[in-house]
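Here's the letter readout for the chains.
2 protein chains.
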Amino acid sequence: MRAAADTASWVSNLSHFGARLDAWTALTTRIGELDELAGISAIIGWDEQTYMPPAAAETRGRQSARMSQLMHERATSPEVGEWLGILAGQELGEVPRAAVKRALRNYERATMLPTRLVSELATARSEGFNAWVKAKGSNDFAPFQAPLQRLIDLNREMASLLAPLQGPGAHPYDALLEEYDPGSTVADLRPMFERLGKELNVLLDAVSGRPHPPGKVPSLDVEGQRKLSDRVLVDLGFDLNAGRMDLAAHPFTTGLGVGDIRLTTRLQADDFMSTLGSTVHECGHGMYEQGLPVELAGTGLNAAAGMGIHESQSRLWENFIGRSLPFFRYLQPRMAGIWPSLTLSPAELYSAANRVERSLIRVAADEATYNLHIIARFELELGIFEGKLDAKDLPAAWDDTYRRVVGVVSPTVRDGVLQDVHWSSGLFGYFPSYTIGNLYAASLGATLTAAIPDLWDRVEHGDFAPILAWLREKIHKRGHTQDAPRIFKDAVGDRDPVADLMDHLWHRQGQLYGVSRG
Amino acid sequence: MRAAADTASWVSNLSHFGARLDAWTALTTRIGELDELAGISAIIGWDEQTYMPPAAAETRGRQSARMSQLMHERATSPEVGEWLGILAGQELGEVPRAAVKRALRNYERATMLPTRLVSELATARSEGFNAWVKAKGSNDFAPFQAPLQRLIDLNREMASLLAPLQGPGAHPYDALLEEYDPGSTVADLRPMFERLGKELNVLLDAVSGRPHPPGKVPSLDVEGQRKLSDRVLVDLGFDLNAGRMDLAAHPFTTGLGVGDIRLTTRLQADDFMSTLGSTVHECGHGMYEQGLPVELAGTGLNAAAGMGIHESQSRLWENFIGRSLPFFRYLQPRMAGIWPSLTLSPAELYSAANRVERSLIRVAADEATYNLHIIARFELELGIFEGKLDAKDLPAAWDDTYRRVVGVVSPTVRDGVLQDVHWSSGLFGYFPSYTIGNLYAASLGATLTAAIPDLWDRVEHGDFAPILAWLREKIHKRGHTQDAPRIFKDAVGDRDPVADLMDHLWHRQGQLYGVSRG
Chain Y
25 MRAAADTASW VSNLSHFGAR LDAWTALTTR IGELDELAGI SAIIGWDEQT
75 YMPPAAAETR GRQSARMSQL MHERATSPEV GEWLGILAGQ ELGEVPRAAV
125 KRALRNYERA TMLPTRLVSE LATARSEGFN AWVKAKGSND FAPFQAPLQR
175 LIDLNREMAS LLAPLQGPGA HPYDALLEEY DPGSTVADLR PMFERLGKEL
225 NVLLDAVSGR PHPPGKVPSL DVEGQRKLSD RVLVDLGFDL NAGRMDLAAH
275 PFTTGLGVGD IRLTTRLQAD DFMSTLGSTV HECGHGMYEQ GLPVELAGTG
325 LNAAAGMGIH ESQSRLWENF IGRSLPFFRY LQPRMAGIWP SLTLSPAELY
375 SAANRVERSL IRVAADEATY NLHIIARFEL ELGIFEGKLD AKDLPAAWDD
425 TYRRVVGVVS PTVRDGVLQD VHWSSGLFGY FPSYTIGNLY AASLGATLTA
475 AIPDLWDRVE HGDFAPILAW LREKIHKRGH TQDAPRIFKD AVGDRDPVAD
525 LMDHLWHRQG QLYGVSRG
Chain V
25 MRAAADTASW VSNLSHFGAR LDAWTALTTR IGELDELAGI SAIIGWDEQT
75 YMPPAAAETR GRQSARMSQL MHERATSPEV GEWLGILAGQ ELGEVPRAAV
125 KRALRNYERA TMLPTRLVSE LATARSEGFN AWVKAKGSND FAPFQAPLQR
175 LIDLNREMAS LLAPLQGPGA HPYDALLEEY DPGSTVADLR PMFERLGKEL
225 NVLLDAVSGR PHPPGKVPSL DVEGQRKLSD RVLVDLGFDL NAGRMDLAAH
275 PFTTGLGVGD IRLTTRLQAD DFMSTLGSTV HECGHGMYEQ GLPVELAGTG
325 LNAAAGMGIH ESQSRLWENF IGRSLPFFRY LQPRMAGIWP SLTLSPAELY
375 SAANRVERSL IRVAADEATY NLHIIARFEL ELGIFEGKLD AKDLPAAWDD
425 TYRRVVGVVS PTVRDGVLQD VHWSSGLFGY FPSYTIGNLY AASLGATLTA
475 AIPDLWDRVE HGDFAPILAW LREKIHKRGH TQDAPRIFKD AVGDRDPVAD
525 LMDHLWHRQG QLYGVSRG
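If you read the protein sequences in the order shown, they are chains Y and V. Numbering follows the numbering used here, with no gaps: position 109 of the first sequence is 133. Numbering follows the numbering used here, with no gaps: position 137 of the second sequence is 161.
Take the hints with a grain of salt, since some may be wrong.
Stated by the list, open to error - Think about it this way: if two alpha-carbon atoms lie no more than 20 Å apart in a straight line, the pair counts; the simulated SDA-like pairs of lysine to any residue are:
hint, chain 1, residue 1, chain 2, residue 2
1, Y, Lys251, Y, Met297
2, Y, Lys222, Y, Met526
3, Y, Lys158, Y, Ala146
4, Y, Lys513, Y, Ala470
5, V, Lys222, V, Arg541
6, V, Lys240, V, Pro364
7, V, Lys251, V, Asn265
8, V, Lys251, Y, Tyr75
9, V, Lys222, V, Met526
10, Y, Lys251, V, Pro77
11, V, Lys251, Y, Pro77
12, V, Lys251, Y, Gly113
13, Y, Lys125, Y, Gly113
14, Y, Lys125, Y, Ala187
15, Y, Lys251, V, Pro364
Because the hints were derived from the structure by calculation, they are not lab data.
Just chain Y, with the same shape it has in the complex (with noise of 0.2 Å):
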């Protein structure tokens, strides 16, 4: 393969073991194969959310399962191991050394899950999802807790298998962390989103009452929004030549393989803000995979570090950005080129965008209430692996930490416990990353300000290319070569990203609400 004969040279100039170049030949051939069956996964998975059509379920699932059991025999197949051991240890250049460590660790966690155990999961995950389906429809919580029940006890035996691996000392939760956020803990998760949880409160009672600027965007038509999204796409910096944007009822973003990045958003003729937030928010994370380091393929490291710092690509585009002022200034009249009748001005836009109060559904939330909603999932979830909470329990656990947390009881359990479909789909561990992203998005935007000094001009011209052209020297071209901790530390400094977060909000909101800090 291309791939492996490009970066066995930085092995081959270290060292005259042939047993070690073969190994090194071996294990990036894998890799490349892996990363090709990765792409056809996604490709089917992109499909399925985006044109399969109704009838077509059971046999996509079939065809799903089929891929992650050849993707798993092919990763944890025992000459891995023995290439794999060859190479660690071993003096090498900082691209194997990183890439060796990525897939010893994607070995080590991958055969020390029993495959009985994997395909308990992956029934459980779809009878999960099956039965949230109902119980949400239904507005009951019943028939989803036995189902639930059973994901909690199997993630529970998956993070106790997999905790040896995080090291002594460490928390249940981190092993789960570390599927989706590699190098992070809860060690420092938590003391962090206490911090941030206490900052934010403090905020939203300031603003609480206080009368906001008027701007309110009336319905506008899908077509129009869908013209607008391919404009904003474009100038954002958005590759079409090597992606695409579809539409999908939950907007995401897949990587089907090099040089092909899907995007999805969703047109909602009542809420501009939300189709406008979407493709924005999207885009984010399409540019962030268009930007990792092609000339690592087959190294494993050609990827995203995590969806922390996916999420904070998406959320300094979508947030940062894309709710800023200067930002509706660039959009303001190329959308009145759509809709000529739209009079509303970029500063009312720019306030019908920022509308912060305590909310009940996650993904609807302002920018600053969407992190108290994170920091009670991320509560619960430490409850769950904790022993603490099981799935009968939830529902009450639910409603006291959502009335501690984010200020709000849902009247219902469709609202309230059941309104994500994470936990259904057996992904525990996973919510963090939203926050983590939202934090590093606030430093990142600060380093940012401070590095191009004319950015918000720019913005309001419609000149995004130097803050991508920063961040794909800063995250993207990183790929997966270090955790992103250190990417994050490495781009940003020494910064406190809670108070960066802070300071954001302070200053966006204060300004509209007219509050300023105590």
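Fit chain V to the supplied structure of chain Y, relying on the hints for placement.
Below, chain V without anything else, positioned relative to chain Y:
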């Protein structure tokens, strides 16, 4: 697997031998797995031709090759041979017997080809296709000659390796026919095609220079054509719950798995009849796929019986139904609903859809001339596999054959020997399926007319259900339980398809051009 469990009962009723049941269960499980992999391969192929961004081409090529390799490995692994060894020659019920026969044929064909040849063919196809694109673009055969010769050599080698499976006295080309239209042989096709060619020439000479009733469709907007295509699709009986229609430069239909049949069409503002033809043609393919016997999933018999019969379904709908006067009586009011200013009568539309002339390009040819294009290719391919023609001989041989068979000669190689993609992709033996399909369709049409006395009245009123029901019963639901010639014979009885096709053409074209059979 569910499919294996369902079908295993057919065997277990007949047998108390554990080994036989185990082998049957193992075989059908493997066939189910191969169906899943084939479906996945079809998904990524469908995407490649519909939505894939340009920069993904190289990655997608590797992903496709990876799927082919996985399928080949799973299809040819030694245990498949062992299961077939246990099952072959035993007393089995009708379905397992057919399934084992088909599986054995696939296994023998796959294992007879050395991996070296399979891999060289894959490379030669890729190189051949690229060379053809270039050659066609520059209207110059030279850069295609060597890659084409390579493909010819490899296909000759393949044909000779597979020849023993065809039995004594087989033509070298039979092994290639077997790939696309199992059951067809040169011994059957050659006399039939010769006779058809002669009779078509009589018809074409008769209409040549004769006046044709007026009727010309003006340029029609593609949005309206899309709307009409969607409507026609549903009216004909395609189930959009279990499939969909997208756009592609070269329309095709593909089955991605049970419940997921994708068809594509091409909207041409300046050529409404071409759009309509594409849509109805692909719809015919799609309805065949949707009618395959899902209860035979996992046996390998839940599949088309060959490309000839597949093509019979598309051509029956496209030509016999879709170019008929009653069809345009059904369509004209729907067209007027979309384009109120359009004043063409059903008779004028019918006339516009049925112009006949000796023409250069196969894909744009009329219902009659089309078959001459195929006969020309059939003769050339026979020459290649009888060792009389090599790549260097083909440009001149093409022109000679066209002059003799079709009655026209292309002034350029672009519209001559380079017009088709097939050879560049290593598809030799595929072309006859098109005319086999037209012949089958003619006899099916004649039988349908007898079976449904009010056929044309129903068509005129947009009631296509009895036609689809008849095809479901006679063709679709039989899947690949038998080879196509047998399914065809069971459906139409002892008919002469050449006579049926000529009767149909003389009836339709004779009436339009005011000529009758001498």
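Hint-by-hint comparison with the structure:
| no. | hint | verdict |
| --- | --- | --- |
| 1 | Y:Lys251 x Y:Met297 | holds (15 Å) |
| 2 | Y:Lys222 x Y:Met526 | holds (11 Å) |
| 3 | Y:Lys158 x Y:Ala146 | holds (19 Å) |
| 4 | Y:Lys513 x Y:Ala470 | holds (13 Å) |
| 5 | V:Lys222 x V:Arg541 | holds (14 Å) |
| 6 | V:Lys240 x V:Pro364 | holds (16 Å) |
| 7 | V:Lys251 x V:Asn265 | holds (18 Å) |
| 8 | V:Lys251 x Y:Tyr75 | holds (18 Å) |
| 9 | V:Lys222 x V:Met526 | holds (11 Å) |
| 10 | Y:Lys251 x V:Pro77 | holds (19 Å) |
| 11 | V:Lys251 x Y:Pro77 | holds (19 Å) |
| 12 | V:Lys251 x Y:Gly113 | violated (64 Å) |
| 13 | Y:Lys125 x Y:Gly113 | holds (10 Å) |
| 14 | Y:Lys125 x Y:Ala187 | holds (18 Å) |
| 15 | Y:Lys251 x V:Pro364 | violated (28 Å) |
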